[in-house]
Amino acid sequence: MLLLQLLTSGTLRVLHLLSQLLGLTAASWQMLSGRVGVGVAPVKCERYWRLHGCLVLLFVLGFSPVAMWMVITRMDFLRQNHLLLMVGCHRYALLLGSAVLTLYRHTSRQCRLIVLANKLLWCCRQLFALLHTSRLQSSAHRLHTRDHLTIYALAVSIACSCSYTVFLLRFDVEAHRSSLFFCAVLFVYVCQLCLQLSLALYLLALLLISHLSHHCNLLLAQLLADAVHSHEALFTRCLPHRQRLLDSQQRWLALELWRLLRLHRQLLRLSLRLCSLHNVQLVLFVIFVAVESIMHSFFSYFVTFSNWWLRKFHEPAPWNVEATVFNVAVFVQLTLVIGHTHRLQQIFRKTRYIFSAGVKDVPVDCSKALSQTLHLYGLQLQVNERVFHLLACGLFKLNNSLLFGIVQTIIMYTIILIQFDKIMNR
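Count along the sequence shown from 1, then add 282; that gives the number in the numbering used here.
Take the hints with a grain of salt, since some may be wrong.
[What the hints assert, rightly or not] Dumping the calculated DSSO-like pairs for lysine-lysine here, alpha-carbon to alpha-carbon at most 30 Å:
| no. | residue 1 | residue 2 |
| --- | --- | --- |
| 1 | Lys401 | Lys632 |
| 2 | Lys632 | Lys679 |
| 3 | Lys679 | Lys401 |
| 4 | Lys632 | Lys642 |
| 5 | Lys632 | Lys704 |
[What the hints assert, rightly or not] Label-pair distances were calculated between CB atoms; the ranges are:
| no. | residue 1 | residue 2 | range |
| --- | --- | --- | --- |
| 6 | Ala599 | Cys336 | 38 to 48 Å |
| 7 | Leu285 | His657 | 42 to 52 Å |
| 8 | Gln664 | Arg407 | 21 to 31 Å |
| 9 | Ser461 | Ala435 | 30 to 40 Å |
| 10 | Cys336 | Arg533 | 45 to 55 Å |
Quick caveat, the hints were computed from the structure, so don't treat them as lab data.
Positions of the beta carbon are idealized from the N, C-alpha and C atoms, including for glycine.
Let the hints inform the model, and build the full structure from the sequences given.
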């Protein structure tokens, strides 16, 4: 377990350093121990990194037209055919535009992101103050193994996404002739990395909110069970002043439930704010992954079965392993982002089921404070279920059905491009 924590801590430091170098975050944090939330010092905004982010934005804004022109006019593969050029132009224009928007949103909302991070750390400390059993405390202080594996999968997908850029720099003839074209291809990869790291930061915050929300659910179930057990234990024993003892215990439970309700509300607000701060990047990344998958599918068909390619080169091209690795890597990252957003929504929905199952066994003659707190908690959960939806710019819900829609779109547009090729290149 210690090895997992050290490896995860190192991975997080690398991702944080990359996001600072690319101008996505001006936050500085210090790990005081391996405990989740408690072992992190309050996040601060560094002026140097904030200025660095603005300079990176200006550089990307200024160099993007040059990089676009170099790629369109010099890339050997795209110049082979007008159809390839048309499809490739959309890919690079989308990527460069996405990088500019991503950097602008991060530099202009840096203070909001840091406030959100500090509120998340506050929620961690509040939850650990509420946990009153050693089992819950030891569980909350350590990430689940599934979350560790998610962080590793995220890091591997980001690392593997450079494979297509390496392939272009190795095999494109123009990359060896022109240093400006070489820099343009690297610049395009940096733009892609900006978008990926922005979603990586979103996913890491999502993992922390899910971790805290899950333990809020465990604590809620424990408090409701304590309300039942304390009533049964006191009335099965002939203790003096048992009614006074019961009232004091139920007042304590009501206070703990009230504090837990405040924490639950705060986590709900933070998850909505996190989604609103990254909604443009989410839309751009969904479009980017769909376009990349369509391009890879169509290019693989084109260099293998297209009549134009076979007439010119007399044999199909070998399978592009690097492009396949890149395509799988970005799709894995999209799956992680959508899957864990859906998981967070399921955790919040589960809260109401836990509350409904636990409150049935609470005695009717409980104290007024406990009864009113339970009533308020139930009303709040009903409102949350109607209001709480994680949307990307209000366009679509971030759940598992979105993945099937993306796959359907990829297949449909690939078929359209194949039919277009058959008409143009008979």
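Now for the hints, and whether the structure bears them out:
The suggested pairing of lysine 401 with lysine 632 holds, with an alpha-carbon distance near 23 Å, which does not exceed 30 Å. Of the pairs offered as hints, the one joining lysine 632 and lysine 679 holds, with about 18 Å between alpha carbons and a cut-off of 30 Å not exceeded. Taking the CA atoms of lysine 679 and lysine 401, the gap is near 25 Å; set against the 30 Å cutoff, the hint holds. Using a Cα cut-off of 30 Å, the hinted pair lysine 632 and lysine 642 holds, with the two alpha carbons roughly 16 Å apart.
At roughly 51 Å between alpha-carbon atoms, lysine 632 and lysine 704 are farther apart than 30 Å, so this suggested pair is violated. Against the hinted window of 38 to 48 Å, the Cβ-Cβ separation of alanine 599 and cysteine 336 comes to about 43 Å, which satisfies the hint. About 47 Å separates the C-beta atoms of leucine 285 and histidine 657, a value consistent with the hinted range of 42 to 52 Å. About 28 Å separates the C-beta atoms of glutamine 664 and arginine 407, a value consistent with the hinted range of 21 to 31 Å.
Against the hinted window of 30 to 40 Å, the Cβ-Cβ separation of serine 461 and alanine 435 comes to about 35 Å, which satisfies the hint. Distance hint check for cysteine 336 and arginine 533: the Cβ-Cβ separation is about 53 Å, which falls inside the suggested range of 45 to 55 Å.
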